[in-house]
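Keeping their order, the protein sequence lines are chains A and B. Counting in the working numbering, the first sequence runs from 1 upward without gaps. Counting in the working numbering, the second sequence runs from 457 upward without gaps.
Just so you know, the hints here were simulated from the structure itself, not pulled from any lab data. Among the hints, a few may not be true.
To be verified - These stretches of chain A come out as covered by chain B in the derived footprint (C-beta under 8 Å, 3 or more residues):
(1) 104-112
(2) 150-160
(3) 382-394
Stated by the list, open to error - For the chain B half of the interface with chain A, some residues (derived, Cβ under 10 Å), not all of them:
(4) PHE505
(5) SER584
(6) VAL604
(7) THR608
(8) ILE613
(9) SER614
(10) ASP652
(11) GLY653
(12) THR694
(13) PRO698
(14) GLN712
(15) MET717
All of these numbers come straight from a predicted model, not from anything done at the bench. By construction, the Cβ of each residue, glycine as well, lies at the ideal position given by its N, Cα and C atoms.
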Amino acid sequence: MKKKIVALFLAAIVSASAILTGCGQQPSGESAAPSQEAEGKTEEASSGEKESASDAGAESTGERTKITALLKGTESTEQFQVFDYMLSNFCEEKGLDYEIELVNDMQDYFTKLQMYINSNTLPDIYGCPNGTLSKACLDIDAMVDVGAELKRNGYYDKMNGAIIDFLTDANDGNLYLFPQGLYCEYFMYRTDLFEQAGISEAPTTWEEFEAACEKLAAIGEIPVIVGGSDAWQLMRYLSFSPWRVTGPDFITNYQAGTDTFSDNESAKYAVNLLHDLGTKGYFEPGFASVDFTSACNLFFGGTGAIFYTGSGQIGLAEEMYDNGQLGFFPVPDTEGMDNMSTNVPIHAGFAEGFNKATYDDTMQEFFDYMCENFSEACYTQAKIFSPFNEDLPEGLPQLYYDTQPMFATAETAWTSWDDKLDSDVLTKIVDEQQKLAQDIVKPEEFISTCDSLISE
Amino acid sequence: MQKAFGKKSIIFLFIFPAFLIYTLFVIVSIVWAGYYSFFDWSGVGEKAFIGLKNYVDLLAGDDIFRSTVWHTIVYTIINVLIQVFGGLLFAILLSRVKKGRVTLQTLYYVPVVISSVAICQIFSKLLSVTPTGVVNQLLSLFNPALKVMEWTSNPSISLYVTAFVEGYKYLGLYMVIFYAALIGVPDELGEAALIDGASHFQEYLYVKIPYIKPVIIANCLLVLNGSLRSFEFSYLLTHGGPGNASELMTTYMYKQAFTSMKYGYGSSVAIMIVIICMAVGLIFRKITGEGAED
Numbered sequence: 001m002k003k004k005i006v007a008l009f010l011a012a013i014v015s016a017s018a019i020l021t022g023c024g025q026q027p028s029g030e031s032a033a034p035s036q037e038a039e040g041k042t043e044e045a046s047s048g049e050k051e052s053a054s055d056a057g058a059e060s061t062g063e064r065t066k067i068t069a070l071l072k073g074t075e076s077t078e079q080f081q082v083f084d085y086m087l088s089n090f091c092e093e094k095g096l097d098y099e100i101e102l103v104n105d106m107q108d109y110f111t112k113l114q115m116y117i118n119s120n121t122l123p124d125i126y127g128c129p130n131g132t133l134s135k136a137c138l139d140i141d142a143m144v145d146v147g148a149e150l151k152r153n154g155y156y157d158k159m160n161g162a163i164i165d166f167l168t169d170a171n172d173g174n175l176y177l178f179p180q181g182l183y184c185e186y187f188m189y190r191t192d193l194f195e196q197a198g199i200s201e202a203p204t205t206w207e208e209f210e211a212a213c214e215k216l217a218a219i220g221e222i223p224v225i226v227g228g229s230d231a232w233q234l235m236r237y238l239s240f241s242p243w244r245v246t247g248p249d250f251i252t253n254y255q256a257g258t259d260t261f262s263d264n265e266s267a268k269y270a271v272n273l274l275h276d277l278g279t280k281g282y283f284e285p286g287f288a289s290v291d292f293t294s295a296c297n298l299f300f301g302g303t304g305a306i307f308y309t310g311s312g313q314i315g316l317a318e319e320m321y322d323n324g325q326l327g328f329f330p331v332p333d334t335e336g337m338d339n340m341s342t343n344v345p346i347h348a349g350f351a352e353g354f355n356k357a358t359y360d361d362t363m364q365e366f367f368d369y370m371c372e373n374f375s376e377a378c379y380t381q382a383k384i385f386s387p388f389n390e391d392l393p394e395g396l397p398q399l400y401y402d403t404q405p406m407f408a409t410a411e412t413a414w415t416s417w418d419d420k421l422d423s424d425v426l427t428k429i430v431d432e433q434q435k436l437a438q439d440i441v442k443p444e445e446f447i448s449t450c451d452s453l454i455s456e
Numbered sequence: 457m458q459k460a461f462g463k464k465s466i467i468f469l470f471i472f473p474a475f476l477i478y479t480l481f482v483i484v485s486i487v488w489a490g491y492y493s494f495f496d497w498s499g500v501g502e503k504a505f506i507g508l509k510n511y512v513d514l515l516a517g518d519d520i521f522r523s524t525v526w527h528t529i530v531y532t533i534i535n536v537l538i539q540v541f542g543g544l545l546f547a548i549l550l551s552r553v554k555k556g557r558v559t560l561q562t563l564y565y566v567p568v569v570i571s572s573v574a575i576c577q578i579f580s581k582l583l584s585v586t587p588t589g590v591v592n593q594l595l596s597l598f599n600p601a602l603k604v605m606e607w608t609s610n611p612s613i614s615l616y617v618t619a620f621v622e623g624y625k626y627l628g629l630y631m632v633i634f635y636a637a638l639i640g641v642p643d644e645l646g647e648a649a650l651i652d653g654a655s656h657f658q659e660y661l662y663v664k665i666p667y668i669k670p671v672i673i674a675n676c677l678l679v680l681n682g683s684l685r686s687f688e689f690s691y692l693l694t695h696g697g698p699g700n701a702s703e704l705m706t707t708y709m710y711k712q713a714f715t716s717m718k719y720g721y722g723s724s725v726a727i728m729i730v731i732i733c734m735a736v737g738l739i740f741r742k743i744t745g746e747g748a749e750d
């Protein structure tokens with residue numbers, strides 16, 4: 001009998017340990033909270049349980065005890081820095097807890113967000129790009145009309161026009177997303193290498209751009225650094241010309257099936273441009289396996305002459321720029337075509353939505369607090385431009401002051417193909433663009449393949 | 457104690473937790489994937505039942521899927537060669553070494569305990585073109601043109617490089633298994649062969665390797681299964697690229713389900729992977745005569 005009891009006891013231990021091991025696991029992709037957050041949520045952390053997000057904000061009695069957020073990135077990314085700063089201050093004032101769930105990988109983030117949408121348990125605040133996912137959130141009525149809220153508290157008119165344009169919903173023209181910040185993109189170049197290559201002026205057209213690349217290659221320098229393994233980097237070169245010539249029209253019409261690469265001259269131009277840059281050796285060797293972070297390290301570490309970057313990398317560029325080693329220029333014109341005046345891509349980064357189901361008086365209060373303090377958080381915490389048109393505070397790196405005039409009055413936003421294209425089409429174009437830049441397919445084949453994606 | 461463990465009820469008690477977990481995480485997942493494969497679903501919103509359309513599209517009209525099947529087969533063959541036959545070779549060499557054997561064994565085993573992500577990062581740096589990685593730096597000593605040799609971004613070789621990296625990681629594991637099997641071969645068998653005039657090469661070829669044949673077959677099956685389901689090396693090193701040059705069935709499934717947001721279609725790819733894995737496993741067992749006793 002004793003032996004039986006011992007055996008049963010052992011079996012029970014094995015079963016219990018297996019179950020407890022599972023329970024003790026942290027959900028994958030979820031980052032730990034920072035110190036300030038940990039203070040506010042020690043109970044949740046110690047219990048090891050993941051509360052349903054919408055339940056987390058308010059208790060069954062209706063009284064809110066906590067604000068929850070789901071953000072993309074890590075503790076060092078801008079979105080976290082801004083929201084952590086504001087939530088910690090606001091919650092301390094109100095005696096509330098807050099919880100920020102972080103998912104760093106883009107794909108993991110989308111999966112997590114989809115899971116919350118499917119189960120209708122979105123947190124109070126969630127990072128969301130304008131496109132398929134924001135539409136899915138709208139379908140379950142989980143998005144506050146941010147535009148209306150901004151009009152209510154008087155901040156709508158202060159917001160940069162291009163940012164509003166970037167985030168405006170394509171279907172009903174409303175604004176459901178709050179910007180992460182204001183990001184502008186431009187080319188940076190090494191002034192010493194340009195001088196050595198005999199290039200006196202920064203290129204203003206793509207022809208001049210290619211001519212500059214040729215001269216730089218002739219003196220043995222890598223003309224352009226690109227993070228070719230990150231889809232968006234190569235896609236920018238495909239998007240520049242159609243954006244400058246047609247604004248959002250080409251890509252919107254392409255997705256709708258009313259325009260094609262073969263019919264649109266600016267799109268054809270862009271295809272040939274990417275092919276030229278890739279096959280003439282203007283990108284760094286092995287560019288297809290270099291990601292954006294590595295590309296940043298390469299360029300700001302002293303390799304290559306031109307790099308497409310932006311306000312998000314001011315921290316990296318600051319020292320070289322102050323020493324006169326770097327200059328910047330906007331997106332060149334497509335020669336022989338009418339280009340719009342805006343030549344600096346402006347976007348809002350990874351925007352945030354507010355869950356309509358949990359948007360109570362406290363959240364509205366937080367929204368107003370956020371608008372009041374957003375610029376301060378942008379400049380002091382995250383070192384990014386504020387989406388509100390306000391004077392820049394003193395003490396920022398010079399590059400802020402020098403680049404701001406490029407977008408201060410811009411009304412047309414960047415058109416991100418990631419947002420406009422159907423996910424399946426986007427994935428296929430991403431594969432094809434890498435083949436195009438590596439000369440695995442010719443421009444004609446690329447155009448024909450891309451046109452067939454929509455007719456499918 | 458022994459009497460207790462001999463009882464069926466006690467054995468069942470020990471097996472049940474594993475069986476339950478396996479059923480929950482494997483069988484139920486496969487059934488769910490099978491269910492989703494009959495729908496047109498983006499992962500969010502409403503699902504539309506489309507019957508077998510996903511399978512028809514996959515088998516009749518998807519050239520990329522067909523190429524991923526071929527890539528997976530090539531990938532598997534390379535891995536079997538490196539992990540099983542490379543592992544066996546290293547185990548034989550190890551069994552001949554007298555001094556420093558434990559050190560060598562430990563060194564070969566180190567990649568097994570390093571995570572796949574870290575291994576991929578290490579190889580990304582080693583094989584880097586810009587800035588020049590260690591491999592290209594060394595090769596350029598022999599031929600300066602090799603300084604810009606592309607490894608992971610060259611569509612002609614990216615699949616082989618990816619397969620090599622996985623093979624490198626697990627070679628040590630199979631080496632240890634083979635080594636354990638080899639030292640388990642009774643000494644008298646080898647000694648008898650040597651007395652009969654066999655060389656050491658013949659001793660291994662005709663005595664020791666045939667003796668450990670069941671271990672070789674078991675390892676082949678393990679590597680086959682692992683390689684057919686391999687995901688992380690292709691995804692982390694090349695993202696299946698450039699283009700689809702190193703795309704495997706698993707990375708294609710992931711891209712379809714999570715990047716293209718075609719959950720239904722991705723599920724049908726997943727079901728095809730299950731079917732192909734089972735078919736290859738059964739064919740292998742049939743060829744090798746394994747499972748005949750069942």
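Fill in: Broken hints, by number
As far as the earlier hints go, 2, 3, 4, 8, 10, 11 are violated by this structure, in ascending order.
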